[in-house]
Amino acid sequence: MTLIRRLAACTFLPLCAAPALADEKPILTVYTYDSFASEWGPGPAVEKAFEAECDCDLQYVAPGDAGALLSRVLLEGRGTRADVVLGLDTNLTAQAEASGLFATHSLTGTVLDLPVAWNDPVFVPFDWGYFAFVYDKTKLATPPKSFEELAASDLKIVIEDPRSSSPGLGLLMWVKAAYGDRAAGIWSALADNIVTVTPGWSEAYGLFLSGEADMVLSYTTSPAYHIFAETDETKAAAAFDEGHYLQIEVAAKVAGTDQPALADEFLSFMTGPAFQSIIPETNWMYPAIALDGGLPAEFAGLVKPEKALLLPAAEAAEMREAATEEWRAALAK
Amino acid sequence: MPRWPGALALGLVMALVLGAFGAVLARAGAFAAVTSADWAAARFTVMQASLSALLSAGLAVPVARALARRRFPGRQLVIVALGAPFILPVIVAVMGLLAIFGRAGWLNAGLALLGLPKISPYGLDGILLAHVFLNLPFAVRLLLNGWASIPAERFRLAAALGFGPREVWHQIERPMLRAVLPGVTLAIFLVCLTSFTVILVMGGGPRATTLELAIYQAFRLEFDLGHAAALASLQMALSLAAAGLGLAVARPAAFGAGLGRVADRWDRTGRGLQIFDAALLVTTGLFIAAPMLAVLASGLPWIAGLPGPVWTAAGRTVIIALVAALVAVSLALATGLLITTLSTRTARVTDAAVMLAMTASPLVIGTGLFLILRKFTDPIALALPVVTLVNAVMAMPFCLRVLLPGLAALRADYDRLSASLGLTGATWVRLVALPRLRRPLAFASGLAAALSAGDLGVVALFADPGQATLPMQVYALAGAYRTDQAAGAAIVLVLIAFGLFRLFDRLGDRDADL
Chain A
339 MTLIRRLAAC
349 TFLPLCAAPA
359 LADEKPILTV
369 YTYDSFASEW
379 GPGPAVEKAF
389 EAECDCDLQY
399 VAPGDAGALL
409 SRVLLEGRGT
419 RADVVLGLDT
429 NLTAQAEASG
439 LFATHSLTGT
449 VLDLPVAWND
459 PVFVPFDWGY
469 FAFVYDKTKL
479 ATPPKSFEEL
489 AASDLKIVIE
499 DPRSSSPGLG
509 LLMWVKAAYG
519 DRAAGIWSAL
529 ADNIVTVTPG
539 WSEAYGLFLS
549 GEADMVLSYT
559 TSPAYHIFAE
569 TDETKAAAAF
579 DEGHYLQIEV
589 AAKVAGTDQP
599 ALADEFLSFM
609 TGPAFQSIIP
619 ETNWMYPAIA
629 LDGGLPAEFA
639 GLVKPEKALL
649 LPAAEAAEMR
659 EAATEEWRAA
669 LAK
Chain B
97 MPRWPGALAL
107 GLVMALVLGA
117 FGAVLARAGA
127 FAAVTSADWA
137 AARFTVMQAS
147 LSALLSAGLA
157 VPVARALARR
167 RFPGRQLVIV
177 ALGAPFILPV
187 IVAVMGLLAI
197 FGRAGWLNAG
207 LALLGLPKIS
217 PYGLDGILLA
227 HVFLNLPFAV
237 RLLLNGWASI
247 PAERFRLAAA
257 LGFGPREVWH
267 QIERPMLRAV
277 LPGVTLAIFL
287 VCLTSFTVIL
297 VMGGGPRATT
307 LELAIYQAFR
317 LEFDLGHAAA
327 LASLQMALSL
337 AAAGLGLAVA
347 RPAAFGAGLG
357 RVADRWDRTG
367 RGLQIFDAAL
377 LVTTGLFIAA
387 PMLAVLASGL
397 PWIAGLPGPV
407 WTAAGRTVII
417 ALVAALVAVS
427 LALATGLLIT
437 TLSTRTARVT
447 DAAVMLAMTA
457 SPLVIGTGLF
467 LILRKFTDPI
477 ALALPVVTLV
487 NAVMAMPFCL
497 RVLLPGLAAL
507 RADYDRLSAS
517 LGLTGATWVR
527 LVALPRLRRP
537 LAFASGLAAA
547 LSAGDLGVVA
557 LFADPGQATL
567 PMQVYALAGA
577 YRTDQAAGAA
587 IVLVLIAFGL
597 FRLFDRLGDR
607 DADL
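So the sequence lines, in the order shown, correspond to chains A and B. Residue numbering for the first sequence follows my numbering, beginning at 339 and increasing consecutively. Residue numbering for the second sequence follows my numbering, beginning at 97 and increasing consecutively.
Quick caveat, the hints were computed from the structure, so don't treat them as lab data. These numbers were taken from a predicted model, which means no experiment stands behind them. Any given hint could be a false lead.
Covered stretches of chain A, going by a simulated chain B footprint (3 or more residues, C-beta under 8 Å) [what the hints assert, rightly or not]:
#1 369–376
#2 414–426
Okay, derived cross-link-like pairs now, DSSO-like style, lysine-lysine, Cα gap no bigger than 30 Å in a straight line [said to hold, decoys possible]:
#3 B/471 / A/363
#4 B/214 / A/477
#5 B/214 / A/475
#6 A/477 / A/642
#7 A/483 / B/471
#8 A/642 / A/494
#9 B/214 / A/494
#10 B/214 / A/671
#11 A/494 / A/477
Every residue gets a Cβ at the ideal spot worked out from N, C-alpha and C, and that includes glycine.
Take the sequences, apply the hints, and build the full model.
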């Protein structure tokens, strides 16, 4: 009975429980996406590391994936409780910036390690990765080297929906950046390769692991997880000649924050070694700065694309609607 | 019978659904135009929901009839297991189905052995397959309640009159179905109208685009609340139209009162009929059981190694489910009692209005409530109570569906007797209502508890990482590459949902036999 009562208490009385624990420390509220804040993401370790040096209380609010994150901030508008928003990518930043809710950062002299030049005054990168199709080496000996080869093959792929998932949107931009006006043709040719289109990354990856498809849209860094956690070296990412589209994940300070100094301190901490060294083995992405000890061993054998593709944020935002419609029309035939 | 509890319950449900919708609309300022792509999505939505509902309910009739007139070892187990697919978290059910019918599933492995070509379950047929898998067992359970509501005396009379299966069908079973089937079909139609994950995963591509996806897109990608509100009202209009149609077709059956004994059946001895029923039950059993077993097999080995936060979340989920079930059944009982005192026309309108809660988009409800709450307090701090309430309100129409036939029969059959004996209030509830309604009440509670346990729709919008529920943890694990642990946690969720469902079912079954 006591256990049940205790569970009931922690279920229904968070308000009553919280003040007992809170002391006079300032609170920094970071809005982020769910898998960053979850027990298995970078969140808990980042919180511990930052609280060790800030004398503050770092609290996460995670209203869902990256799309849900931005939509929550826009919904709350000027009244948002967020001090920092962490986890948007370059497909979302134009919309975020247009809202006027974000402030310029005060970082100077941070040396980033990204495949592209970065000098955005508002958004600060915290990690990045290349989108890629992941496959099983034991089942597929010669993976396709381009979208055209993939389309010509009878390989089956599973992808994410650009209307509900950020990797899905990334793929849309990838094809657009690589093929421009020919994108519709590529999608038509890919139609018979696509087993299905899932609402999010985890459904797609799950379908791939259960053998429903030969390849799945994920990241070049995905195989590192299997090597690290499962000593499974059978997964690999296919290198495409067109180049690979980048996902750069960023954070920004909220303009109306009541903790501007603390928010700046967090952004600075975010681009420092303590935060960055947590990223590779929890978020399975590349850190945004060069780490002193280098990358963990399981990252060594990963495919390194020769060419990085990235549409400027404004351009990506501008073409999103038309590109989605083009995608929909080509696949709906 | 006082009407105020029903009015209060109804008011609460309507206030929550319409209030949330109103809050989204108020924030948007105005509706945005509905585009031609939206109309195409609406057409597809209605088409797949109609087909899913007709198939599920249509197939459920012979299955329920076979179950109603047969006695065999393990029958009780079959009836209990029928509850399972409906209460499975959708993604778990889909993965189970794909283990059987998928490209790498057992069916294709079998076909390959026979040298036959592969089948692909993705597309409209895949959507229908999944919707029938999820809803057929639910329909069978509801129809079985209908069969159980036929007084045993009627079957005895039928036997005395020398009725064969055909006459029993015409004189007894068909009138019962006329009363129950439209509501069942409607409930499934409404469930499928807002189906999201099934449509996307099984649909095979953007041909399968529904209104719910368009709402999602409007909120998440376009941040166009006016568009979301317009789409949501289109969805509600479709639900209301369907509810009106479904309830207009229904005709109450008038069997009169019985002593509530278990019906013996004298019309079931034909050899051909026995074989037909047996074949039907075995096929259905395999169709339901195989994916469930596949789910269990994939997740069970990982349960022991699940990390601590998963178990904390499991405890939280059990409590939410129990409280939500209590609230949902109370709301449904009060509303149901109110409905039985209304004139036929008013009763139908009320019933249809309640159905709105079933089809309201979780995204709209969640966002609307968030907008309302943040005027007064920090919504995140209230996450779990709010989620419990929303789960209760969204499960309430299902409970009402389960309770209404029994309630109507109760009023029709016992009101005069109760009045002549002066039975009212608590005494009436104890002596008349509870014994008669025990089974549907238990079923409704189990259903509400299970549905609330598996819910991800609203909780994801509110909950903060420190207050995660089990469905959230399943997604968190799957989103962190931990697919095996996610499968294990999903099994825990299934066991919780099913355990709660079974717990309540047992309470209702103590002295009864379906």
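Against the structure, the hints:
no., hint, result
1, 369–376, "holds (count 4)"
2, 414–426, "holds (count 3)"
3, B/471 / A/363, "26 Å, holds"
4, B/214 / A/477, "18 Å, holds"
5, B/214 / A/475, "23 Å, holds"
6, A/477 / A/642, "22 Å, holds"
7, A/483 / B/471, "54 Å, violated"
8, A/642 / A/494, "24 Å, holds"
9, B/214 / A/494, "13 Å, holds"
10, B/214 / A/671, "22 Å, holds"
11, A/494 / A/477, "12 Å, holds"
Checked against the numbered hints given earlier, the structure breaks only hint 7 and satisfies all the rest.
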